[in-house]
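So the sequence lines, in the order shown, correspond to chains P and W. The first sequence begins at 1 in our numbering and counts up one residue at a time. The second sequence begins at 150 in our numbering and counts up one residue at a time.
Keep in mind that the hints were calculated from the coordinates and are not lab data. Treat the numbers as computed from the prediction; the structure is a model and nothing was measured. Fair warning: there could be bad hints in the mix.
For lysine-lysine, the following DSBU-like pairs were computed, each having C-alpha atoms within a straight-line distance of at most 30 Å [unchecked claim]:
| hint | chain 1 | residue 1 | chain 2 | residue 2 |
| --- | --- | --- | --- | --- |
| 1 | W | Lys693 | P | Lys111 |
| 2 | P | Lys142 | W | Lys583 |
| 3 | W | Lys439 | W | Lys266 |
| 4 | P | Lys120 | W | Lys250 |
| 5 | W | Lys522 | W | Lys725 |
| 6 | W | Lys715 | W | Lys692 |
| 7 | P | Lys111 | W | Lys725 |
| 8 | P | Lys111 | W | Lys266 |
| 9 | W | Lys755 | P | Lys115 |
| 10 | W | Lys266 | P | Lys106 |
| 11 | W | Lys693 | W | Lys664 |
| 12 | P | Lys115 | W | Lys725 |
| 13 | W | Lys381 | W | Lys439 |
| 14 | P | Lys120 | W | Lys522 |
| 15 | W | Lys250 | W | Lys755 |
| 16 | W | Lys583 | P | Lys115 |
| 17 | P | Lys124 | W | Lys266 |
| 18 | W | Lys692 | W | Lys664 |
| 19 | W | Lys755 | W | Lys725 |
Computed footprint of chain P on chain W, listed as stretches where at least three residues anywhere in the stretch have a Cβ under 8 Å from a Cβ of chain P [said to hold, decoys possible]:
| hint | segment |
| --- | --- |
| 20 | 187 to 200 |
| 21 | 524 to 535 |
| 22 | 758 to 767 |
Cβ atoms here follow ideal geometry from the backbone N, Cα and C, with glycine treated the same way.
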Amino acid sequence: MKVLEKTDGGISLVEILIALTLLTALSIPVVTIFSAGTRGIQITSEEFIAHTAAIELLEQLMSAPFRFLPVGTFTDAQIKNGEPFDSSTPWKYRISENQNLIREVKISELKRNGKTRFKKIEVKIRWVPKEGKEAIRSVTLKSLLANEN
Amino acid sequence: MNSPFFKRGFILVLVITILVILLFLGITLHSFLVQQNYNVHLLAYSEVAHFLAEAGISASIRSIRDSLEKSGIIGGGQNPIFEILIRPGPLQDVSLMSIIKDTWNEDLAGFSREVDKSAAVRVEVWLRGFSQTETDPSKWVDPVAKQGWLSVESTGEYRGMRRTISVRRRIWVGNVLPPVVSKFTLQVKDASKGNEGHFNIIRNDYDGNLTDGPRPFIILNHATPESPHERKSVSDVISDESDSNVFRRRGWIWLGGKKIRLNLTSGPGAFGEIFHFYDVSNPNTFQAIKFRSPQEKLPLAFLSPLSLPWDNHSNPKEVPFQLGHLFLLEGFHDKSARKEQNAMYEAKILSLNEQNTYGAKSSILHLFGDARKGFQSRTKVFGKVQAAFPRFSCVDVLPLDPNSKEMFNSQSPRPFYFLPSLERESFSLSLQIKEFLNRRVGGPILPLGLLFQQFDEYKKFMSCVLEYPYVNSYNSIQEIYSKPALRQFPPPTTILSEDSGSQIELKRGDVLLYKGNVEPPKLQEVVESRVQQEFDSISDFWKKSFNESSHALELNSIARIKNPDKIDFSLPPSGKPYPLKVSGGGMIILDQGNLTLRGVELLSPKEALTVVLVNGDKVFFETPNMNQVNIVAPRAEVVYGSVVDFWGSLAVGSIQADSRTQGGYIRYREANDPTKENYSNFYKTFVADQDTFWYESP
């Protein structure tokens, strides 16, 4: 019975209970952080894809000859791989398919003294909304294409 | 069981440690993801900044080029940018925005604001990355020569991200005058072509007028009243001439290869070169000088009066004479009123041996100009170049007895006692020195042995054909201008002496331009390093450089023509009017083929044209038109179908000399002189036609 008299040996029940309580209490923020991290990875991945898609589209529009760049607003339905920008131009899209993204292009003219000096290009990429939810996240890139003539 | 891991409180510590680690990992992951997300945005914003920069360049490049053309950097001409480029020394990066008219940046700022509040575009023009290209004095130093870039830089800005795109074009700054050569009127690599008398083919009379056959090339090493640009009045030339260092300001001459002998042409006439010794400024009163040998240099018999039998045999007696030594210097003359050939060997004063060695014809190369007032053009001559000319020596007889003196002085022409040219074996102490017309004039009966005991002593004083380094004439001409009481030959003061040209030095102010051989060993390398544009064929060159509306050459650069078909390059080209007018000069480096000159006229004194033949073996003067051009053709021979009229620097391999030689003028253009400040007139800046590359910086 001498062994039972030792005060510094083994793990007591009280100790285990306190540890479990602490573990439970402090795991909540840890799990929350990890959960937010996982969501962040997903968001970053989605945004990277969306930005890449926006750049891909913007580059194509920027590389088109000024006169072949149509003015107007173009919806996702009009922006299809292998299809022309619109009926007035032979210039065609070459874009990567992605069912999770909705593309939108707005092209307007910027004039000075009656002459169109630039076309302003606005590319908007939205995510396909989840069922029952509205697509609120989007990426927008804008640039100018100069009239060299 | 004594391990601390099983002590009380251990589990609590373990749990807290694990939680802290997990918390730390969670926070790190979160920060990392936030940063990643931010970076994704930055990547996209950078792309947009790049697109905006591109739009800036595209929108403004035309205005910029218009502005640069107006400022003159594209298309050449004197302008503030040109002034920056031709500043000597290193050129740091410099913005041109304060010089050119910026009409685009305000517009770009307005348009970019319409894209986004954070968007901005600005396009600037810079001179960047210049390095000096000619810095080695053993090759050539040109503090102005450089290469660098004209950089149009567009900076786009979007949501804090900035991208700059540069469209760059190469700029060359180089001089169109050939290095080293432009200090020379004439360079001939192999002048003698193995025959030291190669150029002595002119038949002329005593006065320096030509009889028939070949005519001489008169080489003028300074500006004259006849120069097409940068003229100089006669009085200015004469004023310059009196300066003993005038050679520094003049075009120099190099006749390379083995020894070459130029027989000076007799007389003060059209082609006479007697101005090497005598003042011919007024040919109507021209008088040859009797050079008197200094008494102290003569043998003993000349020092005091001698009693000698006189030549009046009807009244034989000895009379006292004071003897001296004098001589006349003369040029070569093949023909006279009395003698069709070898006129200078009349009276047998000069020996048969000299006749065989030198002949009586004179040289077609007149290196120091002609006898007209203001056209004597002495300069520095490099190489083994000898001038040959006869010295007619005589004993100067002064009768001291009144009777003899009276007889002597009443003679016309004046009695002369020539010391004939003798070979060693013909020398005899008993040989009589006679009056040259064999007259009895009261003069002495004079045996040679009374005056000279040895042939070697006699040889120093006898008549003969003298040979001196050509450049010695520079010193004797100085004697003419300084007018000493007693003219001596050779003159007591040596300004210039023979110089092979192994170590010449050219300086402009304190800048050492060149130090090395008169034939620059790296000339071709330096010239090729200046090339600003290249053409495959001669026709390509003319298409680009000939202005059909003004009928003028507008080169304004340093161009290389490869010409693999070895077609002759003609100035002007066939089918174009003579002479070729040059409104924009430059340098043409012809890799293959020969050159035909039909006349070249520079429309502005600030232009120069140089043609370099790399492998060509012929420079042909086809017409008598003036050719205002510099030629560097070290492998070529100058040949001609007419009189030559050349104004510039001529560097060739050899010069044809035969019965077809019609002579002419080779005139130095003083503006070519690299040691003078006006050398800067002939720089050409050239901006490449094509954008060389796009350069993007973060």
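Which numbered hints does this structure break? Of the numbered hints, 1, 2, 3, 5, 7, 9, 11, 12, 13, 14, 16, 18, 21 and 22 do not hold.
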